[in-house]
Amino acid sequence: MRKLAIGLLLTLLSACSGKVEPELFSSVEIALSTPDGMGVKSMSIDPSLPGNKFLNLNTGINYPFPEFKDGKASMKVQKGVYSVAFDGKAVMEDGSSRTLRSYAHSDPVKAVNLVSGTETLVLDVIYLF
Amino acid sequence: MNLLLITILSITAAADSLGGSASEALFSRRKPFTSVEAGWRGRSEAAPLFPEEGRAAGKGLVDIRTLVRPDSTRAVAGRVEYANGFKHGVQWNSSSDYSVVYPYVMADTLSGNVRKESYAFSGGYSFMRGEWNFGLRGSYRALHEWREVDPRPRNIVSDLRADFSVGRRISPYYTLDANVYYRRYAQSNSVAYFNPRGANTAQFHLTGLGSYFYRFSGTISSYLSTRYSGNGGGIAINLFPLRGKGWKACAEYGFLDNVHHFPGLNEAPYTELVTHDAAITGSFFGRKWSAGGSLRAQLRNGYEHVLDNGIAGAYNSLMMLNMYSGVFYEAALHGGLSAGRWHFGGEASYRGAFEQYTYPGRMFSVSGVRAAAGAAYALKAGAWTLEAHAKASGFIPTSASAVIPAKYTLEAFQEHQKYRLERLSAAFAGIDAGIMAERPLWKSVYGFTRAGFYYDTLNSVIYSITIGIKL
Chain A
1 MRKLAIGLLL
11 TLLSACSGKV
21 EPELFSSVEI
31 ALSTPDGMGV
41 KSMSIDPSLP
51 GNKFLNLNTG
61 INYPFPEFKD
71 GKASMKVQKG
81 VYSVAFDGKA
91 VMEDGSSRTL
101 RSYAHSDPVK
111 AVNLVSGTET
121 LVLDVIYLF
Chain B
1 MNLLLITILS
11 ITAAADSLGG
21 SASEALFSRR
31 KPFTSVEAGW
41 RGRSEAAPLF
51 PEEGRAAGKG
61 LVDIRTLVRP
71 DSTRAVAGRV
81 EYANGFKHGV
91 QWNSSSDYSV
101 VYPYVMADTL
111 SGNVRKESYA
121 FSGGYSFMRG
131 EWNFGLRGSY
141 RALHEWREVD
151 PRPRNIVSDL
161 RADFSVGRRI
171 SPYYTLDANV
181 YYRRYAQSNS
191 VAYFNPRGAN
201 TAQFHLTGLG
211 SYFYRFSGTI
221 SSYLSTRYSG
231 NGGGIAINLF
241 PLRGKGWKAC
251 AEYGFLDNVH
261 HFPGLNEAPY
271 TELVTHDAAI
281 TGSFFGRKWS
291 AGGSLRAQLR
301 NGYEHVLDNG
311 IAGAYNSLMM
321 LNMYSGVFYE
331 AALHGGLSAG
341 RWHFGGEASY
351 RGAFEQYTYP
361 GRMFSVSGVR
371 AAAGAAYALK
381 AGAWTLEAHA
391 KASGFIPTSA
401 SAVIPAKYTL
411 EAFQEHQKYR
421 LERLSAAFAG
431 IDAGIMAERP
441 LWKSVYGFTR
451 AGFYYDTLNS
461 VIYSITIGIK
471 L
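Sequences listed follow chains A and B, in order.
According to our numbering, the first sequence is numbered sequentially starting from 1.
According to our numbering, the second sequence is numbered sequentially starting from 1.
Among the hints, erroneous ones may be present.
With a straight-line cut-off of 30 Å between C-alpha atoms, the simulated DSS-like cross-links for lysine-lysine are [as the list claims (entries may be wrong)]:
#	chain 1	residue 1	chain 2	residue 2
1	B	K407	A	K69
2	B	K407	A	K72
3	A	K69	A	K110
4	A	K41	A	K76
5	A	K89	B	K407
6	B	K407	B	K245
7	A	K53	A	K41
8	A	K53	A	K110
9	A	K53	B	K407
10	A	K110	B	K407
11	B	K116	B	K470
12	B	K116	B	K418
13	A	K76	B	K407
14	B	K288	B	K245
15	A	K76	A	K89
16	A	K53	A	K69
17	B	K245	B	K470
18	B	K288	B	K31
Incomplete in silico selection of chain A near chain B, CB under 8 Å [said to hold, decoys possible]:
#	residue
19	V20
20	L24
21	G60
No lab work stands behind these hints, which were simulated from the structure alone.
Keep in mind that this is a model prediction, so the values were computed, not measured.
Every residue, glycine too, gets a C-beta built ideally from N, C-alpha and C.
Kindly produce the complete structure, drawing on both the sequences and the hints.
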């Protein structure tokens, strides 16, 4: 009877219409996918350029991209729905310098859901020049 | 009960509160009566306590109340109120019922004037059967607020409550009573721009302490039409004295779960506010004196829905994140003493608020002590019954702090939070005075008039005038 009463009290205190997520953040592993499969040795993305965004659609917080090493990077963001786009300066595995563009998730209707504790995000890039 | 509205309208100490019960009319200390009154209430603040409710307000009202005792075991009570008025200089709020829906209001950075019209009906029936008592009560409130210049909010509130109580005499002097209630709350809140050239004032969906729902803020019409849908309930345990004197006590809990939707986006929910209220009050009423105390607390938990990209035309909620929480509390003592034609009263309370927003971290905290003391004098002069009262009050802050990250907060929102902190922690002293005059008109019909005035050191003024008849 006591457990029932405590359970009812806790239910009432947290009463709401849907599932409440206890953990606020998602750890995201980002991987780059090039058109010809060539590896990306390193890449940096200038956060001051307006088109570069890892934008939480709900909060409007735009997270700066981390440095990419061997085509990968990781970051921790608030769980949510994200619009992602960038032009990045990359050094390819053959030593050449390229500018890479990702735009597949730039439009909000193509935003990605990052709602789990850990997420893997593969971003297709194209070569600008 | 809403602690957020640390109101300066509390002209008299709430020493005679019976708690929430559908049977309270049965145990009322008042004699049966019917009154019809009309009046005007006004407020003007140089530095408004809540700019979200305007720097000035006024309303004319008609208030009809009745308490009928067919016999000693039955009571019927009813009330009808109509009010029509305005609020001037409303800032940071395009919604209605600010105290109910805070922090989830729609707002812009301008200020404006709002017209308002409201209706309220309530009625209850209670009776005794042997040692048991039962009561039923219903109440309904409707509110309409609107603005006649762009941006034009138009809000309609519907607030329905039903109470049921059952109690039992536990001694020759006291009855123990339990009351449960259900509450249904609804508000439609929309902002329109009749002149397309005026559609350059963005509306923000505020989410607490300077944060806002970035995604749906702006001027797109489907984002500016919202509705609140709430369900709530509660329970109160009351101790009533049967002979007008003795102890009165109440322990009560209530909650309201209010979901905020976009009707134009397939009813997508985007915020949800769950409010919990708890209070314990106790008073002792002697022949010529009274004393009591109360503890009140309110917890607000705010949740933000993560809506998907809406590519299918329907915005589905993926999850809810608990982003906002607020605790509002008050501990109070009060007392009164009657000596001949004089009545003296005093009250003191410690009250405060602590709010936080999860990420990016925000915090807001204020607390302080309020005290008041006053006196009233009544006399009969021929056919007239006259009463005058005066009370001095003051508020002294004991703590005030806020953390609002500038990097993630628009400058206008930073200024808003700074003003809140300064105003809610400002010390002030005030005085209010009032008179009441009553005389028989014919047979058992009396005419009365009341007037009241309040002024404080922050240049806030509240005034009221009422005329009416009762029998």
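Original post:
Of the hints given before, which are not true for this structure?
Top reply: As far as the earlier hints go, only 6 is violated by this structure.
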